[in-house]
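Engineer: If you read the sequences in order, they're chains F and X. Start counting the first sequence at -2; every next residue gets the next number (this note's numbering). Start counting the second sequence at -2; every next residue gets the next number (this note's numbering).
Fair warning: there could be bad hints in the mix.
Heads up, the list lumps identical chains together, so a pair's fine if it works in one copy or across two of them.
[As the list claims (entries may be wrong)] In silico DSBU-like pairs for lysine-lysine, Cα to Cα no more than 30 Å straight-line:
id : residue 1 : residue 2
1  : Lys268    : Lys227
2  : Lys268    : Lys160
3  : Lys204    : Lys116
4  : Lys268    : Lys204
5  : Lys160    : Lys204
6  : Lys227    : Lys204
7  : Lys227    : Lys120
8  : Lys227    : Lys160
9  : Lys116    : Lys227
10 : Lys120    : Lys204
Hints are computed from structural coordinates only; laboratory data are not their basis.
2 protein chains.
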Amino acid sequence: MLRPPEHQVAGHRAAEGQVGPLVDGAGLFYKPLQGDDRGAHEVAFYSSFSSDPRVPPHVRAFFPGFHGTQLLPASDGSGPHPHLVLDDLAAGLRCPSVIDLKIGARTWYPSAPDDYFHKCLKKDRDSTSLALGFRVSGVRIHQGGDAGLWQPDRDAIRRFTAKDVRRTLRQFGSSNPASDSDPPDCAFASMVYGGSNGILAQLLELKAWFEDQTLFHFYSASVLMMYETKVVEAGRAGGGIRVRLVDFAHVMEGNGVIDHNFLGGLCSLIKFISEILTDPDECLAKPKKAQLNFEDGS
Amino acid sequence: MLRPPEHQVAGHRAAEGQVGPLVDGAGLFYKPLQGDDRGAHEVAFYSSFSSDPRVPPHVRAFFPGFHGTQLLPASDGSGPHPHLVLDDLAAGLRCPSVIDLKIGARTWYPSAPDDYFHKCLKKDRDSTSLALGFRVSGVRIHQGGDAGLWQPDRDAIRRFTAKDVRRTLRQFGSSNPASDSDPPDCAFASMVYGGSNGILAQLLELKAWFEDQTLFHFYSASVLMMYETKVVEAGRAGGGIRVRLVDFAHVMEGNGVIDHNFLGGLCSLIKFISEILTDPDECLAKPKKAQLNFEDGS
Chain F
-2 MLRPPEHQVA GHRAAEGQVG PLVDGAGLFY KPLQGDDRGA HEVAFYSSFS
48 SDPRVPPHVR AFFPGFHGTQ LLPASDGSGP HPHLVLDDLA AGLRCPSVID
98 LKIGARTWYP SAPDDYFHKC LKKDRDSTSL ALGFRVSGVR IHQGGDAGLW
148 QPDRDAIRRF TAKDVRRTLR QFGSSNPASD SDPPDCAFAS MVYGGSNGIL
198 AQLLELKAWF EDQTLFHFYS ASVLMMYETK VVEAGRAGGG IRVRLVDFAH
248 VMEGNGVIDH NFLGGLCSLI KFISEILTDP DECLAKPKKA QLNFEDGS
Chain X
-2 MLRPPEHQVA GHRAAEGQVG PLVDGAGLFY KPLQGDDRGA HEVAFYSSFS
48 SDPRVPPHVR AFFPGFHGTQ LLPASDGSGP HPHLVLDDLA AGLRCPSVID
98 LKIGARTWYP SAPDDYFHKC LKKDRDSTSL ALGFRVSGVR IHQGGDAGLW
148 QPDRDAIRRF TAKDVRRTLR QFGSSNPASD SDPPDCAFAS MVYGGSNGIL
198 AQLLELKAWF EDQTLFHFYS ASVLMMYETK VVEAGRAGGG IRVRLVDFAH
248 VMEGNGVIDH NFLGGLCSLI KFISEILTDP DECLAKPKKA QLNFEDGS
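Could you put together the complete structure from these sequences and hints?
Structural biologist: Written out as structure tokens, the structure reads:
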């Protein structure tokens, strides 16, 4: 029985009148191919990537497994539509907290057509992408059961400032609900972000690959971070803490150059998370500023 | 006796009718303040940076020492003009080979006025900045004495492709002249780029700082790499192999975020240099490509 995924936080959603992804509840995720060449582009990436012997297994593990394409009835009832068949990244998680972060100060690729370039550039400047090297695309955080669910809508997320992003990353590692008048308590930070299997360690592993790989440039791709809320709340091991990469409709050939745009954004995210771990108490404190005095240049 | 520096490879030059920097031959470099607010901006940066206790000494060593400003007769004879007083980075080098690399895929800062933004964006797209995360701003390489001097002019450098940049970086570590029909031999690569005091080691030290520092964002700044050609040619130690940072007219406050734009470009440069060290023979070989087939998306 195919159905829309419960835990999706970004991208097109399967709802009446809209084509969206489906899951089978047995571990597979079906992503409808986008109509323009983005769909074909994403299939080409998965085909190339999944068979490329230069991608080491520990890196491959960050990507959804690829199982070809399949014609399936579209979620909007419009008839058969080709779908990418991928691993369901949230499989086995009952109550996941999830953040989707679009990585890179620049979401347009060098050869992009003019209208796409202008559209992306505007979004990058209007969002935190330009300043931070990444932006939040979606977030869903459970705290203290369903009553504590925080899932801001797309418009709210679009308006996120650097301060909102900082707070959201802290909230993701906190036990008190986002609706609290108190700042995020970062009670889960060491469990979710820290440790040898935590998010920071996984991001650092990814970073090491991006410092070296010159095969692909990932424009507009996302890092997905998730964990099983109930397990983390209970302080038990095995919290399903996962970092994954998704959304490859704009991956380009690397032509022997590293993906400095993605890497820069990833390093910025790593710094944000490192600070939460080193300064869990300094919640929303003002960042330390350099004292450039541009008024008086003498 | 003030005179124009012999080894300058980029930026405004002191010549008749043009204001340019001067050196005193005793270790100081006088850089005329640019007339618009760039001059004041650069002074503000040097003042702030040189007194900021959060900058560790080993990082400070990558920057020219700052000795205030001074009114001096401009090099074009137009009368007294304020100059930045800085350490002469080429002091003590008799026959330096030098490369000036402008770091960052993006040379414009987020709050840049529209005309400046458009001018920079065009230059970034037309040069290798966008693709590689850096571009060559100037180069002067000595090989086999003055007969082997290679110093392409500004227009030639402006047209540099990714392949030209790759070749220039190899040439910088080679013993055969750029005019050779043979590709660069990379004979000096292990000495210039490798080793515990080589350029790669220095760049990695700089990288470690950029992964952490959130004080400054360095737009349009350059990494200068240089060595004493005669000493390296003779295979002797103490080849004056130096990495320095210059050009701070567009440094902005970091506001608690790392300089992901500079860091990305720096990592790209590091990868280029690492490849010269691991593959000195593979001169100008085609980069290994991913095999994305965007024609056939099935």
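Engineer: Are the hints correct? Go through all of them and say.
Structural biologist: Evaluated hints:
Taking the shortest Cα distances, Lys268 and Lys227 sit within 30 Å of each other inside one copy (27 Å), while across copies they are farther apart (42 Å). In the homo-oligomer, the alpha carbons of Lys268 and Lys160 lie at most 30 Å apart inside one protomer (15 Å), although the nearest pairing across protomers, at 33 Å, exceeds that limit. Taking the closest pair of Cα atoms, Lys204 and Lys116 come within 30 Å of each other only inside a single copy of the chain (28 Å); across copies the shortest separation is 32 Å, beyond that limit. Taking the shortest Cα distances, Lys268 and Lys204 sit within 30 Å of each other both inside one copy (12 Å) and across copies (14 Å).
In this assembly of identical chains, the alpha carbons of Lys160 and Lys204 lie at most 30 Å apart whether taken from the same copy (24 Å) or from different copies (26 Å). In this assembly of identical chains, the alpha carbons of Lys227 and Lys204 lie at most 30 Å apart only when taken from the same copy (29 Å versus 39 Å across copies). Taking identical chains as interchangeable, the C-alpha atoms of Lys227 and Lys120 are never at most 30 Å apart, the minima being 35 Å within one chain and 52 Å between chains. In the homo-oligomer, the alpha carbons of Lys227 and Lys160 lie at most 30 Å apart inside one protomer (27 Å), although the nearest pairing across protomers, at 53 Å, exceeds that limit.
For a Cα distance limit of 30 Å, the shortest separation of Lys116 from Lys227 qualifies neither inside one copy, at 40 Å, nor across copies, at 53 Å. In this homomeric assembly, Lys120 and Lys204 come within 30 Å of each other (Cα to Cα) both inside a single copy, at 25 Å, and across copies, at 29 Å.
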